[in-house]
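Asks: Start from chain A and add chain B according to the hints.
There are 2 protein chains.
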Amino acid sequence: MSHVEIHPQLLADCYYLGHLPACELLLHRNACVPWFILVPDTALADLLDLPTEHRDAVVAECAAVSAFIKQILGYAKVNFAGLGNVVPQMHLHVIGRSEDDAAWPQPVWGNFLGEQTYASGQVQQWREGLAKMIGLVPLES
Amino acid sequence: MSHVEIHPQLLADCYYLGHLPACELLLHRNACVPWFILVPDTALADLLDLPTEHRDAVVAECAAVSAFIKQILGYAKVNFAGLGNVVPQMHLHVIGRSEDDAAWPQPVWGNFLGEQTYASGQVQQWREGLAKMIGLVPLES
Chain A
264 MSHVEIHPQL LADCYYLGHL PACELLLHRN ACVPWFILVP DTALADLLDL PTEHRDAVVA
324 ECAAVSAFIK QILGYAKVNF AGLGNVVPQM HLHVIGRSED DAAWPQPVWG NFLGEQTYAS
384 GQVQQWREGL AKMIGLVPLE S
Chain B
264 MSHVEIHPQL LADCYYLGHL PACELLLHRN ACVPWFILVP DTALADLLDL PTEHRDAVVA
324 ECAAVSAFIK QILGYAKVNF AGLGNVVPQM HLHVIGRSED DAAWPQPVWG NFLGEQTYAS
384 GQVQQWREGL AKMIGLVPLE S
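These protein sequence lines are chains A and B, in that order. Residue 264 is where the first sequence starts when you use the numbering used here, and the numbers rise one by one after that. Residue 264 is where the second sequence starts when you use the numbering used here, and the numbers rise one by one after that.
So here's chain A without its partners, still in its complex pose (with noise of 0.2 Å):
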């Protein structure tokens, strides 16, 4: 069941990972850095429009992404942001960076990173990583 109709723009470039009590969880699909993508159920656009216990809830499962970013990625920096210039359904990227990344220092929108896919196995394994970490309900693969 999806909580959340998301839009076509973020399902043709994610993985659909599953659903967190408060957001979808995606992960883009180019594999050059762990970027994470969780979609709020509001027809609001902006995060910091949101009434103030909802948006601390979707803050806080950001946080709860970032930590699997650093504590089993290996990740020591996350960048955290809310745009929607181009696709309106609110969703908030919360992505890993290294100073190895092609990107790096620059954000990774409109930067080039390469493309890489993932390997056959590894978005099902952070799946269920997640599931273990986070709570998160894990989509059918």
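Some hints here could point you the wrong way.
For identical chains, the list gives no copy identity; a pair is met inside one copy or between any two copies.
[As the list claims (entries may be wrong)] Only pairs whose alpha carbons sit at most 25 Å apart, straight line, appear in this in silico DMTMM-like list of lysine to aspartate or glutamate:
1) K395 x D309
2) K333 x E378
3) K340 x D276
4) K340 x D304
5) K340 x D319
6) K333 x D312
7) K333 x D319
8) K340 x E268
9) K340 x D309
10) K340 x E362
11) K395 x D312
12) K333 x E391
Hints were generated in silico from the structure; no laboratory data involved. From a predicted model like this one, the values you see are computed outputs, not experimental measurements.
Replies: Just chain B now, with coordinates in the frame of chain A:
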């Protein structure tokens, strides 16, 4: 009195507007977009690493600045980000965007915005508006 030692690059790029309870508030000198920067009092680098209560307080101040951008300055869209790949001190960007700005729909970082300076008195007027609306303790201009 400065509550936080602010990185010299941020001080060079911005007007220092004043203090909020959890953050110092800066305004980028490029007037092409209303580009506010909040600097929390922390030695951590990434917003999503802050303890929950501190994180929620910082994000609440970002939301208050966003409300000023939307309600007073009349922007429909706000971009929000914590990056810190270049300046390591934690700082949050809260930026009014419009389809008329030169970087639209790209993010502002690394994209051509043009260069404009604030008219005399404008920064002080916003300082006073922010004092009234969101409780900014303004620095002397």
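Asks: So, for every hint listed, does it hold in this structure?
Replies: Now for the hints, and whether the structure bears them out:
1. Taking the shortest Cα distances, K395 and D309 sit within 25 Å of each other only across copies (24 Å), while inside one copy they are farther apart (29 Å).
2. For the identical chains of this complex, K333 and E378 are intra-copy neighbours only, at 22 Å inside a copy versus 37 Å across copies, given an alpha-carbon limit of 25 Å.
3. Proximity of K340 to D276 under the C-alpha cut-off of 25 Å is found in both arrangements, the shortest distances being 23 Å within a copy and 23 Å between copies.
4. When the C-alpha separation of K340 and D304 is checked against a cutoff of 25 Å, the pair qualifies only between copies, where the shortest distance is 19 Å, while the shortest distance within a copy is 27 Å.
5. Within a single copy, K340 and D319 get their C-alpha atoms as close as 21 Å, and across copies as close as 20 Å, so both meet the 25 Å cut-off.
6. Taking the closest pair of Cα atoms, K333 and D312 come within 25 Å of each other only across two copies (10 Å); inside a single copy the shortest separation is 28 Å, beyond that limit.
7. In this homomeric assembly, K333 and D319 come within 25 Å of each other (Cα to Cα) both inside a single copy, at 21 Å, and across copies, at 20 Å.
8. Taking identical chains as interchangeable, the C-alpha atoms of K340 and E268 lie at most 25 Å apart only when they sit on different chains, with a minimum of 22 Å there against 31 Å within one chain.
9. Taking CA atoms no more than 25 Å apart as the test, K340 paired with D309 passes in both settings, with 24 Å inside one copy and 7 Å between copies.
10. Proximity of K340 and E362 under a CA criterion of 25 Å is satisfied intra-copy only: 9 Å inside one chain copy versus 31 Å between copies.
11. For the homomeric pair K395 and D312, the shortest alpha-carbon distance between copies (20 Å) is at most 25 Å, but the shortest distance inside one copy (31 Å) is not.
12. For the identical chains of this complex, K333 and E391 are intra-copy neighbours only, at 16 Å inside a copy versus 40 Å across copies, given an alpha-carbon limit of 25 Å.
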